[in-house]
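As they're listed, the protein sequences go chains D and F.
Residue numbers for the first sequence follow this note's numbering, beginning at 8 and rising by one.
Residue numbers for the second sequence follow this note's numbering, beginning at 452 and rising by one.
Hints should not be assumed to be uniformly reliable.
Unchecked claim - In the SDA-like style, the derived pairs of lysine to any residue whose C-alpha atoms are separated by at most 20 Å in a straight line are:
no., chain 1, residue 1, chain 2, residue 2
1, F, Lys558, D, Lys272
2, F, Lys528, D, Glu168
3, F, Lys506, D, Thr177
4, D, Lys272, F, Asp587
Derived from the structure by calculation, the hints contain no laboratory data.
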Amino acid sequence: MLEIMFAPFIVKAVIAALLAAIVSAVIGSFTVLRGLSTMGASIAHASLAGALLAFAMKYEPLLGALALSMLFALITAYSSEHGGVRMDIVLGVSFGFSSALAALSLSLTREYTTTAYTYLIGEVLGVTDSDIILLSSYSLAVIIGVVLFYKEFKFITFDMEAAQAMGLNTSFYNYLMIMLIALTCVVELKIVGSILAVVFIVAPAASAYEFSHDMERMIGLSMLFAVASVLLGMLLSIVFNLPSSPTMGLVASAIYMVSIVLSTKRRICACRIPVIRTIREKTMR
Amino acid sequence: MRPVILLENVTVAYNGEPALMKISFKVEEPSFLVVAGPNGAGKTTLLKTLLGLLKPIEGKIVVLGINVLKNPLRVRKLVGYVPQRERIDPSMPMLVKDVVLMGRTTKTGLGRLFTKEDIEAAKKALELVGLEEHWDEAFSHLSGGQQQRVLIARALASNPKLLLLDEPLSGVDALSQNVILGVLREMADRGTGVVMVTHDLNPILELADYILLLNKRVVGFGRPNKILSREVLSEAYNRSVDIVRVGETCFVLGGDSHA
Numbered sequence: 008m009l010e011i012m013f014a015p016f017i018v019k020a021v022i023a024a025l026l027a028a029i030v031s032a033v034i035g036s037f038t039v040l041r042g043l044s045t046m047g048a049s050i051a052h053a054s055l056a057g058a059l060l061a062f063a064m065k066y067e068p069l070l071g072a073l074a075l076s077m078l079f080a081l082i083t084a085y086s087s088e089h090g091g092v093r094m095d096i097v098l099g100v101s102f103g104f105s106s107a108l109a110a111l112s113l114s115l116t117r118e119y120t121t122t123a124y125t126y127l128i129g130e131v132l133g134v135t136d137s138d139i140i141l142l143s144s145y146s147l148a149v150i151i152g153v154v155l156f157y158k159e160f161k162f163i164t165f166d167m168e169a170a171q172a173m174g175l176n177t178s179f180y181n182y183l184m185i186m187l188i189a190l191t192c193v194v195e196l197k198i199v200g201s202i203l204a205v206v207f208i209v210a211p212a213a214s215a216y217e218f219s220h221d222m223e224r225m226i227g228l229s230m231l232f233a234v235a236s237v238l239l240g241m242l243l244s245i246v247f248n249l250p251s252s253p254t255m256g257l258v259a260s261a262i263y264m265v266s267i268v269l270s271t272k273r274r275i276c277a278c279r280i281p282v283i284r285t286i287r288e289k290t291m292r
Numbered sequence: 452m453r454p455v456i457l458l459e460n461v462t463v464a465y466n467g468e469p470a471l472m473k474i475s476f477k478v479e480e481p482s483f484l485v486v487a488g489p490n491g492a493g494k495t496t497l498l499k500t501l502l503g504l505l506k507p508i509e510g511k512i513v514v515l516g517i518n519v520l521k522n523p524l525r526v527r528k529l530v531g532y533v534p535q536r537e538r539i540d541p542s543m544p545m546l547v548k549d550v551v552l553m554g555r556t557t558k559t560g561l562g563r564l565f566t567k568e569d570i571e572a573a574k575k576a577l578e579l580v581g582l583e584e585h586w587d588e589a590f591s592h593l594s595g596g597q598q599q600r601v602l603i604a605r606a607l608a609s610n611p612k613l614l615l616l617d618e619p620l621s622g623v624d625a626l627s628q629n630v631i632l633g634v635l636r637e638m639a640d641r642g643t644g645v646v647m648v649t650h651d652l653n654p655i656l657e658l659a660d661y662i663l664l665l666n667k668r669v670v671g672f673g674r675p676n677k678i679l680s681r682e683v684l685s686e687a688y689n690r691s692v693d694i695v696r697v698g699e700t701c702f703v704l705g706g707d708s709h710a
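So that you can see chain D by itself, here it is in the shape it has in the complex:
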C-alpha cells in the first residue's frame, strides 16, 4: 500500500492537485467574500466547452479552456457592469450556452465518453509532466496577480463603492479578479474537472471564513483545508479504490459541513455539545 503512494503517477497527481488546491484557496477567498461563486461555476463550464472545442479542432485543450473561460469571464463582468442586465440571467444564459457548446464539441469527436469524462470530473492520476508545467505557469500567474494587487483586491472586496469614490480603478481590478478566477478554473479543469472546479474554489475558502476575522488568516486556513482535502481525498481514493477527483471534492465539501457546525461565527445547536464547544473555544481567536 505504501509503495503505491510513492509511485511516480501518484506523486505527479499529488503535486498537480496541491498546485490546484493552493491557487484555488487564494482566489477562492475573494470569490467567496465577493459572492462570485455562481460566476465561478459558470466560468468553469465555459472552460469545459473551450477544452472540448479545442480537442475537437486538434488544439491543446487547456489553451482552448483558457481562451473560452477568459472570454466568458470578460462578457459576464462587462454585462454586470454596463449591461443593466440582472446577473442571474447573464449567468444562466452563459451556463446554458457553454453547456450547449460543450455538447456540440463532443459530437464532433469520436472519443466521446473518455474525453467528456476527463474534463467533467477531472483526471488527476493522468497528469503528465507537460500538464504540470502548464498548470504551474497558470498557477504562478494567479498567485503573482493576487500578490501584486492584494491591497486593491482587498479594498474592492470590502467596499467597492468607497474604493471607486476614492480614485481606485475598480473596473480594472474587478475584471482582473474575474480573469484570475477564470484562470483558476482552467487549472482545476484537468485536476477535478469542470463540475468539481467550483467546489475546490469555494469550499475551502467558505470553510476558512467560518473561523476567520481577517483576510490573511482566511487565506491561510483556506490553503490548509484545500491541501487537507487533496491529501485525504487521494489517500481515501487509494485505500477504497475510488476515483480520486470526486473523492477530493467530497472531502472538501465534508470539511465545509464540519466547519459550519464548529464555526466560531455562528450560534448553532451543535455548540451546546461540550466536545464541540471545547473545539470552538480552542479555534476562536
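Based on the hints, put chain F in the right spot on chain D.
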C-alpha cells in the same frame, strides 16, 4: 478665491426620471456643508455627482478647482469618502487596521506594501476618532458606532482635501455621534472641506457652516441661521415642520422620522 464646490444648473436623471433638477450652489472656502432633505431628495445622488460617478445631463461641476466632468479621477484622489454603513457587510474578515489602511491604497504604488508613512497616517487617523486601541481588532467585533468611526478614519487616512460623508450619523450611538461631529468640525477648521449628507438636522445645527436643503432641487442654501425657517423646512420635507428654540439652541421637529 477658488471655490471648493461649484455647481451650475446641474440636472441628473435616472432612466429619464430627474433625480436632481437645476442644482446651483457655491461653497467658497473649506467649510462644513450639510446636505439635508427627505428620502429620495437626491442627497446621495448629489454626492455621486460631485465625484463624477454619475454624469449629469446638463450643468457644470467644479470640485477643488477641477472640472469633474473632464477629470473625475483627479477629484476622487483628493476626496475621502464615507459610504452609508449599511452598504458594508460587517461580517467581512477584516481587521480595523486593514480597513483604515484602505484609505492609503491609492497613495501607495502597485504591488507595494504599505510604508511606515502609510501606517503612521492610518494610526493617526484612527487616533482622531478615538479608536487607536482597536488597531488590531476585528472590524466585525466593533459596535455600529465604532465601525462608522473606523470608516471615517479610513477616509481621513488618505489626507483628503474634501470629505464626503453619506449619512454618517445613521444608527450611531450618542458617544460616537459626538466624536464624529467633533472630528468633522476640526477637519473643517483645519481647511478640509466637509460635505455631510443627513436626514437629521438637529445634531449638526450648531456645527454646520452651510446647509443645503434639497428636494430634487435646491429648496434652500446658506448659513443655518439665515435659511432655517418653518416655511423653508416644510417645503423641503413636504410636510409641516416646526422649529423650537431653547435658549440659544434650536431644534427641528417633524422634518423626518429621525428628526
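Comparing the hints with the structure gives:
The suggested pairing of F/Lys558 with D/Lys272 is violated, with an alpha-carbon distance near 34 Å, which exceeds 20 Å. For the given pair, F/Lys528 sits about 14 Å from D/Glu168 by alpha-carbon distance, which is consistent with the 20 Å threshold. Under the criterion of a C-alpha separation no larger than 20 Å, the hint pairing F/Lys506 with D/Thr177 is consistent with the structure, at around 17 Å. Distance hint between D/Lys272 and F/Asp587 is fulfilled; the C-alpha atoms sit about 18 Å from each other, no more than 20 Å.
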